[in-house]
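Residue numbers (the numbering used here), protein chains in the order written: chain R, 2 to 231; chain L, 2 to 231.
No lab work stands behind these hints, which were simulated from the structure alone. A hint or two may mislead.
No distinction is drawn between identical chains; accordingly, a pair holds when it is met within one copy or between any pair of copies.
To be verified - Restricting the straight-line Cα-Cα distance to at most 25 angstroms, the calculated cross-link-like pairs of lysine-lysine (DSS-like) are:
hint, residue 1, residue 2
1, Lys-202, Lys-192
2, Lys-191, Lys-92
3, Lys-51, Lys-67
4, Lys-114, Lys-93
5, Lys-114, Lys-92
6, Lys-74, Lys-12
7, Lys-115, Lys-74
8, Lys-217, Lys-191
9, Lys-67, Lys-56
10, Lys-115, Lys-93
2 protein chains.
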Amino acid sequence: MAPNVRYSASKENHLKAIFHLQQEHGIVTTNALAAALQTRPASVTDMLKKLKDQKLLIYERYKGFKLNNEGRKAALQVIRKHRLWEYFLVKKLQFGWDEVHEIAEELEHIASKKLIDRLDAFLGFPEADPHGDPIPDSQGRLQTRRQINLAQLPLGKVAQVSGIASQTSEMLELLQYNHIRLGTRLEIKKKFPFDESLEVKVRNRPPVTLSARVAKNVLVNDDEPITERR
Amino acid sequence: MAPNVRYSASKENHLKAIFHLQQEHGIVTTNALAAALQTRPASVTDMLKKLKDQKLLIYERYKGFKLNNEGRKAALQVIRKHRLWEYFLVKKLQFGWDEVHEIAEELEHIASKKLIDRLDAFLGFPEADPHGDPIPDSQGRLQTRRQINLAQLPLGKVAQVSGIASQTSEMLELLQYNHIRLGTRLEIKKKFPFDESLEVKVRNRPPVTLSARVAKNVLVNDDEPITERR
DNA sequence: ATTAAATTTTAGACAAATCTAAAAATAAAA
DNA sequence: TTTTATTTTTAGATTTGTCTAAAATTTAAT
Ligand SMILES: [Mn+2]
Ligand SMILES: [Mn+2]
Ligand SMILES: [Mn+2]
Ligand SMILES: [Mn+2]
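Assemble the whole structure, with the sequences as input and the hints as a guide.
Following this line, the structure appears as structure tokens:
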């Protein structure tokens, strides 16, 4: 069995952020990564060299970069840990889904593979974290699912929230305030072309208005509603 | 509310080790601490200066050192975290009591106080970790020890020998023969009502049978051991 | 009381991760 | 195609934690 390969917390944070960024754009830039990690471009460059030396990254200077297979595998393990811990915090320790991210940001760096596999079993092998993001399995396989954002949802069609793209605590707080969470069924009542804002209706609630910015970050699946586990 | 005061993992490890060492001897020496932490005396001296500057330590060079009130408080929080995580690993994730230490050594450095208090509640406010060591409460209070004899010890509970009531040489020889001495951790595997004899297990040894007569003379403290292990 | 041994501290070095300021390369505008 | 702006990298520092080797101090032995 492969022993626990260890990367520093900082390296793991970089790998994870690169993974996420390259999901959106295929290639990642120094500035984008620096912004994502709240650090400086120069620091990113420093780290890129190290990751390249460790053969986790495809990188040529001035040309952008992306993870290679090793790097992707490592990133997925970190993501797995992060999401399992988030699930644990919400489902077992009664944290709100908007307050678990910071803590998981630390817990994700605990190395033991055995620990995380046991935790997975203890939690009943959940498929998604409290924000609706899928949890990679023990081999790092990630389930993909089709999701569209709220802005793309046609008027009058009921859909169920299946994920939140930008998980800043500010964003989560706003949704919380409007009673929108994972599994919430909602419907677009009106679209305002002026600023692309939406009036959204949640069952048993007065309608609320969401900005285009927010709408783009709320992911829904209109065909197969996710089974909300509790 | 006091925000989470953060100390580096290395500082926490030092504080904890100093706490344990000064339980045994009142004052701690550089070499002893270096040995406990598997590091070098020079490194210890470096850290002592920092801990002193942060007012966690009473220290004058060449004179030994010990924690002050702040330092003791910090150490107890780390010990609390360590032991609660160990309990979690054994009771919830089915780890063996002999394989949790390393992992807890990492988990103990996760900062969030809220996390640890929630974990505590989730676990049902356990009083002792899987090795029989008492778990400090949220305010850092450690339970005071109480001594009972082996015959009174509940089945399956790990305890540490803290005294021998009748110290005849015959008695001591018998205990010696069975590898039981001060500080030995043991657990009762079975009680035979017929003659009130006990089957006792010491780590890394085959089980041994003790008569009721012997058991009554072996004193253990199931909460606060003399020589605290992590 | 000297001398020898052990302990502890200092001096100086190194690795990891970060930063600022300046230089180099690339991209965009004129 | 020059010029200008933006992005990225380098050069050089800084902080934290660690180390080795040597010096200082304390303790133990003769
Ligand atoms: Mn993290
Ligand atoms: Mn999440
Ligand atoms: Mn530790
Ligand atoms: Mn323990």
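key: Earlier hints that do not hold, by number   = No hint contradicted; all consistent.
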